[in-house]
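Given these sequences and hints, build the entire structure.
In order, the protein sequence lines correspond to chains E and A. The end of the first sequence is residue 1250 by our numbering, with every number in the run present. The end of the second sequence is residue 590 by our numbering, with every number in the run present.
Please keep in mind that the hints were generated in silico from the structure rather than gathered at the bench. For clarity, every value in this text was computed on a predicted model and none was experimentally measured. Incorrect hints may have been included.
Taking lysine to aspartate or glutamate and the EDC-like style, the derived pairs with C-alpha atoms no more than 20 Å apart in a straight line are [claimed, not checked]: (1) A:LYS54 with E:ASP1218; (2) E:LYS1089 with A:GLU295; (3) E:LYS1171 with A:ASP91; (4) E:LYS1089 with E:ASP1210; (5) A:LYS279 with A:ASP225; (6) A:LYS568 with A:ASP91; (7) A:LYS249 with A:ASP134; (8) A:LYS521 with A:ASP546; (9) A:LYS54 with E:ASP1120; (10) A:LYS513 with A:GLU573; (11) E:LYS1171 with E:ASP1189; (12) A:LYS249 with A:ASP143; (13) A:LYS521 with A:GLU552; (14) A:LYS380 with E:GLU1163; (15) E:LYS1171 with E:ASP1184; (16) A:LYS568 with A:GLU578; (17) A:LYS521 with A:GLU578; (18) A:LYS382 with E:ASP1168; (19) A:LYS382 with E:GLU1163; (20) A:LYS380 with E:ASP1189; (21) E:LYS1089 with E:ASP1168; (22) A:LYS513 with A:GLU578; (23) E:LYS1089 with A:GLU299; (24) A:LYS96 with A:GLU108; (25) A:LYS318 with A:ASP267; (26) E:LYS1195 with E:GLU1234; (27) A:LYS521 with A:ASP532.
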Amino acid sequence: MNKVTNIVLGGLGGQGVLTASDILADVVFRAGYDVKKSELHGMSQRGGSVSSDVRYGPVVHSPMVPLGEADFLLVLEPTQVDVNKPVLRPEGVLIPPDVIPPDGLKNKKSFNVAMLGALSAFLDIPESIWLDAIHARLAAKLHRLNDEAFAYGRQAARARFHLS
Amino acid sequence: MKPEKQLLNGDEAVALAALHAGVSLGTGYPGTPSTEILETFDHLGGKAQWSPNEKVALEVGLGVAFAGGRALVTMKHVGLNVAADPFFTATYTDVDGGLVLVSADDPGMASSQNEQDNRHYARAAVAPMLEPCDSQQAYDYTLAAFEISGRWKIPVILRLTTRVCHSKTLVSPRSDVAQPAAPDFKRNVPSRVMIPAYAKPAHHRLRIKMAEIAAWNDAEGFNQRIDNGKSLGIISSGIAAVHAMEAAPEASHLVIGMTYPLPIETIRKFADGVERLVVVEEGDPVLFESLLAAGIPAEGKPEMYRFGELNVQRVRRILAGDTTPEPVPPKGKPPELCQGCSHRDVFEVLRDMDCIVSGDIGCYTLGMLPPFSAMDTCVCMGASIGVGLGMRHTLPADQARRVVSVIGDSTFVHSGITGLAEMVYNPPETGHVVVILDNGTTAMTGQQEHPGTGRTLNHDPTGKISFEALGKAMGIQNVLTLDRFTDGHRLEAVLKDLLAKPETSLVVVRQPCVLAAPKIRFYEKAAIEKMNQACAAMPAE
Ligand SMILES: Cc1ncc(C[n+]2csc(CCOP(=O)(O)OP(=O)(O)O)c2C)c(N)n1
Ligand code: SF4
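Structure below.
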């Protein structure tokens, strides 16, 4: 496959969008792809819109996903769906925040990792690589909580999108 | 052993290269998107310091290089305006060790007050400039910049842009980097004391150095040529190059690594081999005009693409000559002052008192937004004081008495102190009021220390400047402190009183940034523990 896969993550500052995109970029790096990850995070600590692009394949040139060319759009905050939608290609997959039922998580802080779990259901990358990347990025005491969130999100997406 | 590949952003790649290049000191002043370079350099074990501003950072770096060490000096694009004075003469001198200045430009203004194109500085100050397009090149070009700086004894600019700084791409580090000689002072008065008698020959020497570097750039510079047929040739540099390669894979490409001085013969050869030649560059038409000046016929881009960042779809439009209006992406949610932010109450008071607010740059610039709408000017760091004074001198007295200058603590140290000197020296008839919003950190850029916090870049305790003592020593008539926890409610009364007086006043409003407060408490505790340990370890007399 010599096609580049384009993934965009969107949300608000403080939601862990950039942590999630860091983990995702590390996942595809560990899976052996060329990868570029881009983000705009000027003043994200003050609650504005944040988005991050992750692109991978055999060779990636630009770090930014061109408008209308995203294969997957992962949105962590309902108000940010419309803001980010133009980036998605017509047959692209939107993974909205309500893919994770509101009370399905033990701790809301692992919502970003649960969303990665949902994304993982679509990508042909071994689960162990995802968990390695999550563990590499987060403190040890958070591993169990996030492993569970990841599994929960993966399962939720499989059910929602009827994936095997 | 071959070092492993890493996934790094451009800033981290520069820091890693600086470590491998044996940089003795990294200096700079925070500014998006450059801030993480020195923070990473420190994390990796390098020695890094925040200076009060970019001018001082460059001067310290120049001293390092005069002493035979390698210096890395980092700043955002507008920082080079502040550092321009030493920079324009530093290029005349012979730097011994190595001096690399990182200018992190922000086309599109993700987090800046303008989108100036610092490629103009390379030509104006006569310094070689390297422009990486990704983290691997950021790493490689940082190493190369030190080699070039050492070989020609010249400061070198590494120009990054927001997308290069903040994009992560793969980097293969090198294991064979030559280390600089140990620092050692060599007296060389004619090449370092820039009086006219020495500066005149120094200017000639500089031009000779540049001619040599241009020849080197043609012969063995970092020019990447991809031949794909004759019908279309694209010349680009930096991030524009990767957009161009994706937008036009069928074209021939010449990507230039060192964009000043240009490898003009390499460009001419490439131009001769293609039927249509297009220059794809972000920002001003700098490359395009250089080609025209060299008599190389090329197409530039329509004026509308001077503004903002380039991306793949914009490059496609440039190549198609498309000047129809571009699609406007939906507006995201703008940032706002955090809940509980200490700046909030201050702007409520300024709004309710209908003050004319001469503002400055930092988180508190968000005080211009509703519900506060309490800032009337914001130009560059430190301008609040001078601009406020100018308005005081000029407005009718009833309006002049409403003017207040508002400045953050880091900004005050950066370039507010000379404003206070102006206020004491040329006081307006109605007096003036300067408010320092001291939240104990440089919040805007991610909570860096500064000389007013009393902690170094890596949060160890060090000397601390007292703004109140400084104001008093400078001869300001009223110097007051308001701790927002205990006497925040008095702000309105205090301001009313001071605005009515034809005197000079400095009010320091103090409360830690709510996001930084837990860390500040942690650093303070760590400092006390360290001191106690040191005391316990002291031998009894
Ligand atoms: C010459 C220059 N250097 C750096 C910057 C980036 N910058 C803007 S404001 C600022 C400092 C903000 O800190 P402070 O004044 O303490 O206000 P706070 O954000 O903490 O409210 C910095 C580093 C700039 N705009 N111009
Ligand atoms: S980061 Fe700190 S200074 Fe900036 S808005 Fe938030 S609380 Fe205020």
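To see whether the hints hold, each was checked on the structure:
no.: 1; hint: A:LYS54 with E:ASP1218; result: holds, 17 Å
no.: 2; hint: E:LYS1089 with A:GLU295; result: holds, 12 Å
no.: 3; hint: E:LYS1171 with A:ASP91; result: violated, 39 Å
no.: 4; hint: E:LYS1089 with E:ASP1210; result: holds, 14 Å
no.: 5; hint: A:LYS279 with A:ASP225; result: violated, 39 Å
no.: 6; hint: A:LYS568 with A:ASP91; result: holds, 18 Å
no.: 7; hint: A:LYS249 with A:ASP134; result: holds, 17 Å
no.: 8; hint: A:LYS521 with A:ASP546; result: holds, 19 Å
no.: 9; hint: A:LYS54 with E:ASP1120; result: holds, 11 Å
no.: 10; hint: A:LYS513 with A:GLU573; result: holds, 13 Å
no.: 11; hint: E:LYS1171 with E:ASP1189; result: violated, 26 Å
no.: 12; hint: A:LYS249 with A:ASP143; result: holds, 14 Å
no.: 13; hint: A:LYS521 with A:GLU552; result: holds, 13 Å
no.: 14; hint: A:LYS380 with E:GLU1163; result: holds, 15 Å
no.: 15; hint: E:LYS1171 with E:ASP1184; result: holds, 16 Å
no.: 16; hint: A:LYS568 with A:GLU578; result: holds, 15 Å
no.: 17; hint: A:LYS521 with A:GLU578; result: violated, 33 Å
no.: 18; hint: A:LYS382 with E:ASP1168; result: holds, 11 Å
no.: 19; hint: A:LYS382 with E:GLU1163; result: holds, 11 Å
no.: 20; hint: A:LYS380 with E:ASP1189; result: violated, 30 Å
no.: 21; hint: E:LYS1089 with E:ASP1168; result: violated, 27 Å
no.: 22; hint: A:LYS513 with A:GLU578; result: holds, 19 Å
no.: 23; hint: E:LYS1089 with A:GLU299; result: holds, 16 Å
no.: 24; hint: A:LYS96 with A:GLU108; result: holds, 17 Å
no.: 25; hint: A:LYS318 with A:ASP267; result: holds, 11 Å
no.: 26; hint: E:LYS1195 with E:GLU1234; result: holds, 12 Å
no.: 27; hint: A:LYS521 with A:ASP532; result: holds, 18 Å
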